[in-house]
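Novice: Chain by chain, the residues:
Number of protein chains: 2
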Amino acid sequence: MKPNIPKGTRDFLPEEMAKRTYLFETIKHVFRLYGYLPVETTSIENIDTLMGKYGEEGDRLIFKILNSGDILADLKDKDINTLTGKELSRLISEKALRYDLTVPFARFVAMNRNELTFPFKRYQIQPVWRADRPQKGRYREFYQCDADVIGSTSLLNEVELIKMIDDVFVKLKIPVIIKINHRKLLMAIAENAGILSNFTEVITSIDKIEKNGYSAVKEELISKGFTDIQIFNLFNLFTVGGDSFDEQIAQASLQIPNNNLKLEGIRELELIAEGLKHSRISNTTSFDVKLARGLNYYTGTIIEVKVDSTKCKSQFNNSIAGGGRYDNLTDLFGLPGVSGVGISFGADRIYDVLKELNLFPAGLSVCTQVMFINFGKEREKKCLEWIDALHKAGISAELYPDNVKFKKQMGYADAKKVAFVVFAGDDEVAKNAVKIKNMVSGEENEIKDNQITDYFLK
Amino acid sequence: MKPNIPKGTRDFLPEEMAKRTYLFETIKHVFRLYGYLPVETTSIENIDTLMGKYGEEGDRLIFKILNSGDILADLKDKDINTLTGKELSRLISEKALRYDLTVPFARFVAMNRNELTFPFKRYQIQPVWRADRPQKGRYREFYQCDADVIGSTSLLNEVELIKMIDDVFVKLKIPVIIKINHRKLLMAIAENAGILSNFTEVITSIDKIEKNGYSAVKEELISKGFTDIQIFNLFNLFTVGGDSFDEQIAQASLQIPNNNLKLEGIRELELIAEGLKHSRISNTTSFDVKLARGLNYYTGTIIEVKVDSTKCKSQFNNSIAGGGRYDNLTDLFGLPGVSGVGISFGADRIYDVLKELNLFPAGLSVCTQVMFINFGKEREKKCLEWIDALHKAGISAELYPDNVKFKKQMGYADAKKVAFVVFAGDDEVAKNAVKIKNMVSGEENEIKDNQITDYFLK
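Line order of the protein sequences matches chains A and B. Heads up: take any position in the first sequence, counting from 1, add 5, and you land on this note's numbering. Heads up: take any position in the second sequence, counting from 1, add 5, and you land on this note's numbering.
No lab work stands behind these hints: they were computed from the structure. Some clues are possibly wrong.
Any copy, or any two copies together, can satisfy a pair, since identical chains are not distinguished.
Stated by the list, open to error - Dumping the calculated DSS-like pairs for lysine-lysine here, alpha-carbon to alpha-carbon at most 30 Å:
| hint | residue 1 | residue 2 |
| --- | --- | --- |
| 1 | Lys440 | Lys223 |
| 2 | Lys176 | Lys422 |
| 3 | Lys360 | Lys436 |
| 4 | Lys229 | Lys386 |
| 5 | Lys81 | Lys7 |
| 6 | Lys176 | Lys229 |
| 7 | Lys387 | Lys282 |
| 8 | Lys318 | Lys436 |
| 9 | Lys33 | Lys360 |
| 10 | Lys387 | Lys216 |
| 11 | Lys12 | Lys311 |
| 12 | Lys311 | Lys360 |
| 13 | Lys463 | Lys229 |
| 14 | Lys213 | Lys223 |
| 15 | Lys282 | Lys311 |
| 16 | Lys421 | Lys176 |
| 17 | Lys282 | Lys421 |
| 18 | Lys440 | Lys422 |
| 19 | Lys91 | Lys81 |
| 20 | Lys463 | Lys413 |
| 21 | Lys397 | Lys24 |
Next up, chain A with everything else stripped away, as it sits in the complex (with noise of 0.2 Å):
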């Protein structure tokens, strides 16, 4: 049988997983230094909990999972044969694997609203599941990291969200560009072309503006019935001029006609555009009100992230993060009146980013400091007497297995990276002495073999 794993999925070498826990740990940091308490959800999720949640591309891409003993059973008194393929899975399949962090998150808090405390800020570093063709950096298997805050309607959340997506890249030193609009715009610009009551249609198209462009999403929309006056109503407003952030606001609200929803909209951007000044962000917050994402649960604003091409060489043109705020997520689960706003880091890009522009920090990966020549069972007993020493001193270190060949331990010890090798030969034990070899350096020191943890703790 040859080996092999699921088209989209992983496996990460002990080299990756240092790089992968540098970028873990640098978010995690962020996360706790703005009072963001950890959670984990569970990975099978009743199937309801799931469907219908991130529309019909969704549902189609969520995993399913087979019932459990003989799902011919499940399907007794059934006419199979009449059954179409979407009513046979929901009969063999109760359970699904998380599709995002957020929606569990929601379900959670329904769940537990009696132990905690609102606002509640958390954050969850999970892996999510997608039946999603695998292609370049997209994956059926990758991890979210996400931070949300529920139970609070203030924009300084926002404001600390954003602020908190710039802490993060400037520790990973990747310029990017932080993207915000407001879903009440695109309402009140959507309202204005007399298309409102199909925005989730509307929105699914002008979430690929940017991909595809304005031809492509014209003739998607004029498929979907909506006529050429609406769409140039549309597409109308969707370029703002103005240099920074509050200039491109203030133009924007020159631009799209009164109505409440454009007035929401652009006094809660003017604030966190205020909060944001005070709160020192160094990389480029930009107003688009084109950015629609994709995902239906959106209600206020939304931030997508990007890398600053302007700044170094990335190739890299896809949302690295991204957010915004849900007014109704916890009403699925009997909760309503609780707003919630969150933003999510994309792991698996970004570290596709920091392997691109050469960001990883050296010297990264877990080692043995210190490595003992295996010179036979005899000297195997002292070696692991020292070790236990070194142990307890905290020094990782390890004896060789087996008795064989220098060459062969030697070369272990390169490929390892270990810092230290330990010589107890011959001539060694006679003199009650070890050699110790610096790997790196090359070179030798004969000690007394009463002094090797005092050695290695300098």
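Guided by the hints, dock chain B onto chain A, whose structure is given.
Specialist: Chain B in isolation, oriented as in the chain A frame:
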């Protein structure tokens, strides 16, 4: 919709997360001290990688994932009504969830053989999934913490791994008994009883002696077709005297009739006992010739760890760690002749023991160090700047997001165990000062507002 999660699955709240992190970090620290490197494997494996590796019961308990797309397409040209449940499952499910960490690791080693240096020492801490009947202490999603060495037959590996078990439980302050046996001794006994050809079946039954007692297991063996005399010859050798691990092995050596299997098993156990002496083990090691371990793939030493109830008040009777040597596991994936040995810590069970014995250290929870009271829009700006300075100094700080009553804000700080609360009200602002309240002692201090960071750095 009532929010709910599937039976046997769990969410983790911040306080549990802190305790789990303590547990994982303790284990990880020991793994690293001994030179083991981190690895992660995909959660979703091809179903053929897993099926047939864990025995018949294992096959049933593997969570299978429904193929994506229309499953009717997978059933085209099949007469559904003639299929068994198993056949139907197989047609519509090509992937499955990780069931343990050992089989995926064997697959990983075979796949990545050219990039690894052997002997390869890896650790892996990830969830696994089993469709077991949920009950107290048994979950459908739980974490395993594994360390394995692959590519070395040296018994020093066994010694090292047993020492690592000892280290972990010393650090966690759980007294344990580390039971050790050798599959070859069990085989020798089975050979003596004339039932070696049915070894797998015999093992499955022997594994239940401790839980169900001799008479229940005798009945089971009779129902499997074994004779009274065979069972007598089997059970007759299962009681071994002796006070220490050494003596117990010596006793077994006298008791079990000589054959090659026995001689090899005894020789290996003697070498391990010798190594353990020089490794300064703190917990009790004990030889148990009826220790079987359910898994098919073990071929040499087997290890099982239980709480030592003579030394603490634990009621916990399940094994909390275990492991053993497997000579042929990578063969199945096309890499023959590579022996492996490993241990696995059952994180969720160990968690339950730590909780039962009240052994979690105090003050594990991550908390915000400084919270600023929200005095309204005009005051927010200064607070944002002070918080930015605190964050840059590595001090966790947050501004309460809403300008609500003090009582509510202080209640939040209390519930979240914030260490200090900062007030910048009218009186303070007039003096360019802030008031700082120590939430543990209740003590209050007024300081100049340009000294906030310095104050908390001390």
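Novice: Between copies, within a copy, both or neither: which fits Lys176 and Lys229 at Cα up to 30 Å?
Specialist: neither (44 Å within a copy, 64 Å between copies)
Novice: Indicate which option fits the pair Lys311, Lys360 if close means a Cα-Cα distance not exceeding 30 Å: within, between, both or neither.
Specialist: So Lys311 and Lys360 pass the 30 Å test inside one copy only (16 Å; across, 45 Å).
Novice: Within, between, both or neither: how does the pair Lys440, Lys422 come out at a Cα-Cα threshold of 30 Å?
Specialist: Within. Shortest intra-copy distance 18 Å satisfies the 30 Å Cα cut-off; inter-copy 52 Å does not.
Novice: For Lys33 and Lys360, with the copy left unspecified, which applies at a CA distance of at most 30 Å: within, between, both, or neither?
Specialist: Both ways: Lys33 and Lys360 sit 20 Å apart in one copy and 26 Å across, limit 30 Å.
Novice: How do Lys176 and Lys422 come out at 30 Å by Cα distance, when the copy is not named: within, between, both, or neither?
Specialist: both (27 Å within a copy, 28 Å between copies)
Novice: As a check of your reading, is Lys282 near Lys311 (CA-CA no more than 30 Å) within one copy, between copies, both or neither?
Specialist: Within one copy only: 21 Å inside a chain, 58 Å across chains, cut-off 30 Å.
Novice: For the identical chains here, do Lys12 and Lys311 meet the 30 Å Cα criterion within one copy, between copies, both, or neither?
Specialist: For Lys12 and Lys311, only the intra-copy Cα distance (27 Å) is at most 30 Å; the inter-copy one is 40 Å.
Novice: Under a CA distance limit of 30 Å, which applies to Lys229 and Lys386: within one copy, between copies, both, or neither?
Specialist: neither (78 Å within a copy, 47 Å between copies)
Novice: With identical chains, the pair Lys81 and Lys7 could be close in the same copy or across copies; at 30 Å between alpha carbons, which is it: within, between, both, or neither?
Specialist: between (38 Å within a copy, 28 Å between copies)
Novice: Checking Lys213 and Lys223: alpha-carbon separation at most 30 Å within a copy, between copies, both or neither?
Specialist: within (10 Å within a copy, 69 Å between copies)
Novice: How would you classify Lys463 and Lys229 at a CA-CA limit of 30 Å: within, between, both, or neither?
Specialist: neither (72 Å within a copy, 64 Å between copies)
Novice: Within a copy, between copies, both or neither: which one fits Lys387 and Lys216 at a CA-CA cutoff of 30 Å?
Specialist: Answer is neither: 65 Å inside a copy and 40 Å across each miss the 30 Å cutoff.
The structure is inconsistent with the numbered hints 1, 3, 4, 6, 8, 10, 13, although it conforms to all the rest.
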